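Participant: Residue-level listing of the chains:
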Amino acid sequence: AQTVTQSQPEMSVQEAETVTLSCTYDTSESNYYLFWYKQPPSRQMILVIRQEAYKQQNATENRFSVNFQKAAKSFSLKISDSQLGDTAMYFCAFLGSSNTGKLIFGQGTTLQVKP
Amino acid sequence: DVKVTQSSRYLVKRTGEKVFLECVQDMDHENMFWYRQDPGLGLRLIYFSYDVKMKEKGDIPEGYSVSREKKERFSLILESASTNQTSMYLCASSGPEGLADNEQFFGPGTRLTVL
Numbered sequence: 006a007q008t009v010t011q012s013q014p015e016m017s018v019q020e021a022e023t024v025t026l027s028c029t030y031d032t033s034e035s036n037y038y039l040f041w042y043k044q045p046p047s048r049q050m051i052l053v054i055r056q057e058a059y060k061q062q063n064a065t066e067n068r069f070s071v072n073f074q075k076a077a078k079s080f081s082l083k084i085s086d087s088q089l090g091d092t093a094m095y096f097c098a099f100l101g102s103s104n105t106g107k108l109i110f111g112q113g114t115t116l117q118v119k120p
Numbered sequence: 772d773v774k775v776t777q778s779s780r781y782l783v784k785r786t787g788e789k790v791f792l793e794c795v796q797d798m799d800h801e802n803m804f805w806y807r808q809d810p811g812l813g814l815r816l817i818y819f820s821y822d823v824k825m826k827e828k829g830d831i832p833e834g835y836s837v838s839r840e841k842k843e844r845f846s847l848i849l850e851s852a853s854t855n856q857t858s859m860y861l862c863a864s865s866g867p868e869g870l871a872d873n874e875q876f877f878g879p880g881t882r883l884t885v886l
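Protein sequences appear in the order of chains A and B.
Reading the first sequence from the start, the letters are residues 6 to 120 in the numbering used here.
Reading the second sequence from the start, the letters are residues 772 to 886 in the numbering used here.
No wet-lab data here; the hints were simulated from the structure.
You can trust all of the hints, since none of them are fake.
Heads up, incomplete: computed chain A residues facing chain B, CB under 10 Å, no partners named:
id: 1; residue: Q11
id: 2; residue: L100
id: 3; residue: I109
Derived DMTMM-like pairs (lysine to aspartate or glutamate); straight-line CA-CA distance at most 25 Å:
id: 4; chain 1: A; residue 1: K78; chain 2: B; residue 2: E874
id: 5; chain 1: B; residue 1: K826; chain 2: B; residue 2: E840
id: 6; chain 1: B; residue 1: K842; chain 2: B; residue 2: D799
id: 7; chain 1: A; residue 1: K60; chain 2: B; residue 2: E874
id: 8; chain 1: B; residue 1: K828; chain 2: A; residue 2: E34
id: 9; chain 1: B; residue 1: K774; chain 2: A; residue 2: D91
FRET-style restraints, in silico, Cβ to Cβ:
id: 10; chain 1: B; residue 1: R785; chain 2: A; residue 2: S35; range: 46 to 54 Å
id: 11; chain 1: A; residue 1: S35; chain 2: B; residue 2: P810; range: 30 to 38 Å
id: 12; chain 1: B; residue 1: E850; chain 2: A; residue 2: R68; range: 43 to 51 Å
id: 13; chain 1: A; residue 1: S85; chain 2: B; residue 2: M825; range: 38 to 46 Å
id: 14; chain 1: B; residue 1: S853; chain 2: A; residue 2: T23; range: 38 to 46 Å
id: 15; chain 1: B; residue 1: K824; chain 2: A; residue 2: S102; range: 20 to 28 Å
id: 16; chain 1: A; residue 1: S79; chain 2: B; residue 2: E850; range: 39 to 47 Å
id: 17; chain 1: A; residue 1: S102; chain 2: B; residue 2: D830; range: 14 to 22 Å
Just so it is clear, the structure is predicted and the values come from calculations on it, not from any experiment.
The C-beta atom is built at its ideal place from N, Cα and C for all residues, glycine as well.
The following block holds chain B by itself, in its conformation from the complex:
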């Protein structure tokens, strides 16, 4: 079974802190994604990566950056956390590009609170 893990289930940070959210998948997937989930808004894509060291902005990249130095690991970085970044963050991975291999597998999520 595919396993996607995230470094923390719950995280509390102060405004202005630099925050790292880590995601690891064990299925050698090319694609990895970071979403934030907010009530009434569903999941919104922040960034995604389709290969090592490759990244593309999603729908809401402002205030975030990402890093993918190894295929299995995709990090989301909040350079200077703000209260409006309080949210649930979900990581996902999927196989090669193309519609034929398109199921995304999700991690358990990190609930981040910025005070």
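Isolated chain A, as found in the complex:
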């Protein structure tokens, strides 16, 4: 069975600095997707970034980028130039070809951006 692990329950960063959130996963599949979702306080969960396992190039969305290490089964999220609006809980998630659309989530990391 696939598993997703986020080992950092809480993190903090100063505004304008860079922070990296860690995620590891376990799977025997070769084709899959990985996601980072953001859940701001009292607001809806939204997709931040997505990575397909077959693509060697790391995904980037503005200030958000990933470091995808397929052999190590590691998928970290880097937030550059952190902003107060980045304060949220971040979830790493896995979708395999055998999952019928079902995401497997990590435990979440609460990120606090300090002014």
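Using the hints, position chain B against chain A.
Facilitator: Same frame as chain A, now just chain B:
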């Protein structure tokens, strides 16, 4: 934009009551999901549906049932609420099966307290 709505943001019920949580999406999505979110556990899948009147158990279906009579609406039912079902409940929807159309869109959540 995809919109997923849930019938209540906050709900307080008594032990033994029958509880209905409603979710509606407006993007004609085939797949719909119910998760519960608990601190330190991330999101855990309760049930999902990939078509009208179709449903499949997720990882923690015990004590819950679901109904999907119309494509846009997916209901979660607690037949006899118990205190250990106090949690945040999130509904999500996504496009057809397959990795190509896999982003899940989330509702705002219902925080249920069972006394």
